[in-house]
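K.L.:
Line by line, the protein sequences are chains A and B.
In this text, residue positions in the first sequence follow my numbering: the first is 517, and each later residue adds one.
In this text, residue positions in the second sequence follow my numbering: the first is 2, and each later residue adds one.
In case anyone wonders, no lab produced these hints; they're calculated from the structure.
If you're wondering where the values come from, they're calculated on a predicted model, not measured in any experiment.
Check before you lean on any hint, since a few could be wrong.
As the list claims (entries may be wrong) - Each computed DMTMM-like pair below joins lysine to aspartate or glutamate, with the alpha-carbon atoms no more than 20 Å apart:
1) B:K3 - A:E560
2) A:K558 - B:E43
3) A:K739 - A:E756
4) A:K798 - A:E713
5) A:K540 - B:E123
6) A:K558 - B:E19
7) A:K778 - A:E795
8) A:K572 - A:D551
9) B:K142 - B:E123
10) A:K540 - B:D21
11) A:K523 - B:D54
12) B:K31 - B:E45
13) A:K556 - B:E56
14) B:K117 - A:E527
15) A:K558 - B:E123
16) A:K739 - A:E657
17) B:K151 - B:E69
18) A:K538 - B:E20
19) A:K540 - B:E19
20) A:K538 - B:E56
If you want the building blocks of each chain, they are given just below.
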Amino acid sequence: MEAYKAKSIDEVIRLLSQFEGKGKVIAGGTDLIIDIRNKKVKPEALIDISSIDELKTIEDLGSFIRIGAAATFTDLVESSLLDENLYGLKKAAREVGSPQIRNRGTIGGNIANGSPAADSVPPLLCLDSTLILRSIKGEREISLRDYYEKGFKIGEDEIISAIQFKKPEGRQILSFAKLGLRKALAISRLSIATLLEIGGDNRIKTIRIASGSLGRHPLREYKVEEFLIGKDFNEEVINEAVLVLKEAMEERLKGRATLPYKQRAVERVFKDAIYGGLERLKVVEA
Amino acid sequence: MKKISLNVNGKDHILEVEEDMRLIDLLREKLGLTGVKEGCSEGECGACTVIMDGEVVNSCLVMAFQAEGSSILTIEGLGDEENIHPIQQAFIDVGAVQCGYCTPGMILAAKALLDKNPNPTEEEIREAISGNLCRCTGYNKIVQAIDRAKEVLR
């Protein structure tokens with residue numbers, strides 16, 4: 517195995533092209549190093565991107581935010597751009613692993629490794645995020661939803677260079693809640709992110725819901741979104757939405773031993789996300 | 002083999018490392034810094050914690066070549082019998098060390114916390130050591146030790 521500590525995106529994509537699919541990008545290494553040691557992955561070359569500044573910046577582009585793929589969870593937690601209405605993404609980052617893992621693990625790695633429990637992904641799905649991919653052929657964008665739901669692939673010669681999304685508008689609030697078996701280092705048993713906006717008439721004006729660990733990959737809960745949109749926001753409606761969510765889970769996870777447990781647990785996690793978001797909105801607007 | 006340069010405990014080194022070598026192996030085997038402990042080898046236990054450019058990392062989850070150009074602090078660089086660091090002294094005074102295997106990682110996690118936040122709350126202390134497992138003491142004495150160290154260091 518060869519090893520390269522790349523200094524720029526250009527160097528990374530040149531190496532990826534040179535190794536024709538046998539080169540593997542390493543950032544935080546918190547998953548990959550374990551896979552290499554267990555011989556699950558046998559790259560011919562490791563290309564380290566963990567110290568490329570242009571891949572680590574979190575940028576305010578006016579109506580968009582762009583997060584470099586090698587930004588660590590600690591970078592996200594410390595970014596002032598992710599306060600206020602985007603706090604759900606920061607909350608998800610804060611609950612990843614442990615301080616040691618957050619200092620190394622990156623948002624791009626969370627996506628590229630395809631874990632069903634990747635904590636940062638449900639909030640990014642609620643934001644309708646776009647992945648920006650680079651290769652020697654140039655730059656292209658794919659939606660994060662297509663990546664998960666339509667199985668769009670990142671090419672062997674491509675690198676995720678950034679994740680980009682539109683800032684929430686008006687009174688939209690992004691929220692996140694998770695159930696782990698212990699406080700630190702818990703792999704999510706279940707996580708929910710929501711982007712909610714309640715209009716002046718108390719009707720649900722915006723609702724996007726994404727879940728982690730409720731399927732083979734993080735996903736949007738469209739049936740629940742369709743149920744909620746336009747409805748009057750009250751406890752009864754939220755309780756009915758929980759039933760819709762449980763039904764959707766039933767279809768997806770039928771036969772899994774964890775289904776009864778997850779169906780009981782999901783109610784609390786979903787409500788924590790919804791009501792926790794509204795609590796946060798009060799703070800933001802105060 | 003790959004040649005890398007890095008600073009460990011204040012001393013510059015230029016070393017030949019294997020491409021698949023981890024930082025923990027470099028520290029223990031090339032430099033003899035056996036205060037860096039290997040526990041789980043997958044980032045769960047924190048026994049291999051070192052401070053890399055001011056931040057705690059699991060040295061079992063960093064490749065040696067990735068550490069090129071960085072500054073590493075291990076427990077050996079923090080203090081020794083002649084020059085004991087206040088955090089180490091507090092661990093001894095409070096009785097926060099039993100088998101000792103988690104201790105280097107715990108102390109470095111405490112150091113990284115106190116460098117950034119000289120007056121942490123108990124909750125912040127517990128959060129800072131949440132990536133370090135101890136199977137002996139039950140954490141309370143460790144938390145007390147860090148709380149005592151913060152008073153001495155302030």
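K.L.:
Hint by hint, say whether it matches the structure.
P.N.:
Structure-based check of each hint:
no. : hint            : verdict
1   : B:K3 - A:E560   : holds, 15 Å
2   : A:K558 - B:E43  : holds, 18 Å
3   : A:K739 - A:E756 : holds, 12 Å
4   : A:K798 - A:E713 : holds, 13 Å
5   : A:K540 - B:E123 : violated, 41 Å
6   : A:K558 - B:E19  : holds, 15 Å
7   : A:K778 - A:E795 : violated, 25 Å
8   : A:K572 - A:D551 : violated, 24 Å
9   : B:K142 - B:E123 : holds, 12 Å
10  : A:K540 - B:D21  : holds, 13 Å
11  : A:K523 - B:D54  : holds, 18 Å
12  : B:K31 - B:E45   : violated, 24 Å
13  : A:K556 - B:E56  : violated, 29 Å
14  : B:K117 - A:E527 : violated, 34 Å
15  : A:K558 - B:E123 : violated, 44 Å
16  : A:K739 - A:E657 : violated, 26 Å
17  : B:K151 - B:E69  : violated, 32 Å
18  : A:K538 - B:E20  : holds, 15 Å
19  : A:K540 - B:E19  : holds, 17 Å
20  : A:K538 - B:E56  : violated, 31 Å
Going through the hint list in order, the structure does not satisfy hints 5, 7, 8, 12, 13, 14, 15, 16, 17, 20.
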